[in-house]
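The task is simple: from the sequences and hints, build the whole structure.
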Amino acid sequence: MAEAGAATSRARTSEVRVRQEEYAGWRLSAPVMLLVIVLLIAPTIAVFGLSLTDAELGSSEWHFIGVSNYSDLAGDRTFRISIWNTARFVLLVAPASVALGLGLALLIESSVELKGFFRSAFFLPVVSLTVAMASVWQYLMHPTIGPINQMFRLVGLPAINWLSSSDWVLTGLAVIGIWQATGFAMVLFLAGLTAIDPQLYQAAEIDGAKSPLDRFRLVTWPMLGPTTLFVTTVTMINALKVFETVYTLTEGGPAKASEVLLWTIFKQGFTYLQIGSASAMAVVFIVVLLVLVVLQTRVLDRRVHYS
Amino acid sequence: MSAPPQISFRSVAKRYGATLALKSVSLDIAQGEFLALVGPSGCGKSTLLRILAGLESLDDGRISIAGQDVTARRAADRDVAMVFQSYALYPHLTARQNMAVPLVMRRMNAWQRLPFVGPMMPGRRAVDAKIADKVGSVADSLKIAALLDRKPGQMSGGQRQRVALGRAIVREPKAFLMDEPLSNLDAALRVHTRSEIVDLHRRLGATTVYVTHDQEEALSMADRVAVMKEGRLLQVATPRAIYDDPDHIEVAEFIGSPKINLAAADVGSDGVARLGPTVIADGLGDFHGSVLRVGFRPEHGRIGPQERPGDGEVAVSFSLTRLEFLGAGAIAHGTLATGESVELRVGHDFVPPADSRVFQLVLPIRQLMLFAPSGDRLRTGTSLAAPHAAEAMHG
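Respectively, the protein sequence lines represent chains A and B.
The working numbering numbers the first residue of the first sequence as 53 and each following residue consecutively.
The working numbering numbers the first residue of the second sequence as 387 and each following residue consecutively.
Since the hints were derived computationally from the structure, they do not count as laboratory data.
The beta-carbon is built from N, C-alpha and C at its ideal position, and this holds for glycine as well.
Check the hints yourself; a few may be wrong.
Claimed, not checked - Once the Cα atoms are required to be at most 30 Å apart in a straight line, the calculated BS3-like pairs of lysine-lysine come out as: (1) B/560 <-> B/516; (2) B/615 <-> A/262; (3) B/520 <-> B/560; (4) A/308 <-> A/293; (5) B/645 <-> A/262; (6) B/645 <-> B/409; (7) B/537 <-> A/262; (8) A/167 <-> B/645; (9) B/529 <-> B/516.
As the list claims (entries may be wrong) - Under 8 Å between C-beta atoms, here's a sample of chain B residues computed to sit facing chain A: (10) 467; (11) 476; (12) 480.
Take a look at the structure:
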C-alpha cells in the first residue's frame, strides 16, 4: 500500500514538473512569438484581408467585395505581362548566377594567393547600394557613350539599346541582376566548400579519381547538394523581388517590356492608390514564393541530404 | 627477408614549419607482411602512412613500392588502398557504388564514365558486369551483401567500416594502408573486427601497413611492430621481441598493459648495479656513479609473505597498497622499498593476509631489463642472464 502510494505521488510530482517545464517554455518563447505575430503573421493576414476589399489609399470608405479583385487580375493584361516578364527574369538570373557563383567559388578555393581579395571583390555588389550602382550601369549600358557598346563596336558587333529597347531591356536588367546575385551565391558556395571533409578528396584520389572533373563529380557536386539547393532557392526569391533597378532605370518600360511583379504592385498601390487590388497581387506573389520554397525543400531536400 | 621488400622507406624526413615530424625514417616491409606502426599521438606514424599513400609530400628521402620508386608519383598512381579512420565513404552513394568507385575509376575510360551517355558507350556493359561480380564477391566475403543498397547514413559504424574495407579490397592493390581503422568502433566490436582484419590479411596475403595508437592492437595483429616516438623509429621487431626484449626504455614503457615497472638501480665503484641493497648486475664500470633503470613486467614477479629467492632470482621488499581484482586474476598496486610504485599481476587465488601488507617480491634476474640513463637497453657488460648473478647477490 505504502509503496503504491509513493509511486502515485512520484507520478504526480513528475506530472507537475512536466507542466512547469511546459509553462516555462511558453514564457521563454512568448516575446519572440509576439514579435512574429505582430511583424510577420498579422501584416500577411491584413494584406489578405485588404485583397478582399475595394480599399483605396486616402479614401475612408471601403467595402468587402469578395474575390472580385482576383477575378479582375485574371483578365488584367498588364498583370499577365508582369508575371511572364518576372518568370523570364528569374529564369535568366537564377541559373546564370548560381553557375557563375559556383565557378567563382571553385576558382577562388583552388587558388592560394589573393583568396581574400577575390572574395571581397565579388561580394562587393551584394553590399553596395543598388540605386547608386544603377546609375553606374546606366552609364555602362548607354547606347552611344556606354563602354559596353563601345566594346561591342570594337569587335564589330552591333550596338544594343540595353535599357531602352523592348527586345533587350529584360536582358539588360538580368545582366545587372546576375552581377548582383553572383557574389552572394559565390560566398555561400565558398562556405559550402570549406565544409566538405578533406578526407573525401583523399579517398577519391586514392580511388583513382585523377582529373579535377572526376573529383568534382565524385565529391564536390554531391557534397554541395544542400548548399546548391539553398543558393538556388534564395537566388530565385531575390530575382522574383527585382524592383530597384526597374524603378530607377526603366519604370517598367518601354511598352511594359520590363513590367515586373513588384513594380506592378507598387504602381497599383502607390500611383493608382488601388490598395485592394495591389494587395490581391501581393497575395499572388506570396503564394508563388511559398510554392517555390515548399517545392524546393520538400522535393529536392530528400535528394541532397544523404542520411 | 631475402626477397626484395614490397615497401621501402629510405631516410624519409618531413618538416612542418620548424618542427621535424619525421627524422630520417628507413624501413623495409616484406611482401605479404602485416606491419603495425604504433606510438603515442603526434609521433609521426600517421604522417609516415600518408606519405606512403602519397597524400602528403616528403622533404627528404625516397619511397619505393614493389621495387619501383614512387617518391614523385601522385597517390592515384601508387596503386595502394587506404582505410581511413572516419571511413571517408561517399555519403551519396550506396555501399555497392562506394565499393565500385576504385574499379570504375580504373577500368572505365573517361567516355564510359560520363553521366547519361556513359552507359551507351561501347564496352561499358562488359565492364559493368565484371565490376558487379567483383563487388558482389567481396561483399560476400565481408558478409555485407545485405547492406549493398544502403547508403552510409543508414549503416552502423561497424557496417561502414566493412564497406570501407571492401572498397579497399576490390581493387587488389599493391598494399593496404590502414589509419586507425578501429578507433571509431566500440570496445567489443573493436576486438571482434581486429581478428577479422587479421583473417582477411591471411586470406589475401596483401602487404598491410596498419597505424594505431593502441599497443594491444599492434601486438595482437601484426607480424612486425614498428614503435615510433617523436618522428623516429625506436624499434622494429616481432610483437614478442618488442614485448620481451625492447631496445629502448620508451618502447618498454609504451608496450604492455599494465605498464612495465621501473626502478632506479645505482652503480657503485665496483661496477655492480643494485636494486636497493640487492645486486642485480655487474661489469658496469662504465656507468659508475650514474643511475640506471631496471624494468620488469607486471607478470614477472612473485609476491607472498613466505617467498624466498631461489637460484637466479632477487628479492625486494614490496608493500601492497591496493589489490585490483579483475576476475581471472588481480593487479597488486604497491611500492618498492626504494620508493617506486609498481604494479604486479597476481593469480586469482592471491589473498593478502590481514595482518601484513609487506611482502617479499621475488624477481627472476633473467626477466630484468636494464636501461642506461640515455634510455638505451643495456645487454652487454651485464651478467643479468648469467646464472652466477645469484651468487653475486650473496657475495
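Status of the hints after comparison with the structure:
no. : hint            : result
1   : B/560 <-> B/516 : holds, 20 Å
2   : B/615 <-> A/262 : violated, 34 Å
3   : B/520 <-> B/560 : holds, 17 Å
4   : A/308 <-> A/293 : holds, 17 Å
5   : B/645 <-> A/262 : violated, 46 Å
6   : B/645 <-> B/409 : holds, 27 Å
7   : B/537 <-> A/262 : holds, 24 Å
8   : A/167 <-> B/645 : violated, 50 Å
9   : B/529 <-> B/516 : holds, 20 Å
10  : 467             : holds, 7 Å
11  : 476             : holds, 7 Å
12  : 480             : violated, 10 Å
In the structure shown, a violation is registered for the earlier hints numbered 2, 5, 8, 12, in ascending order.
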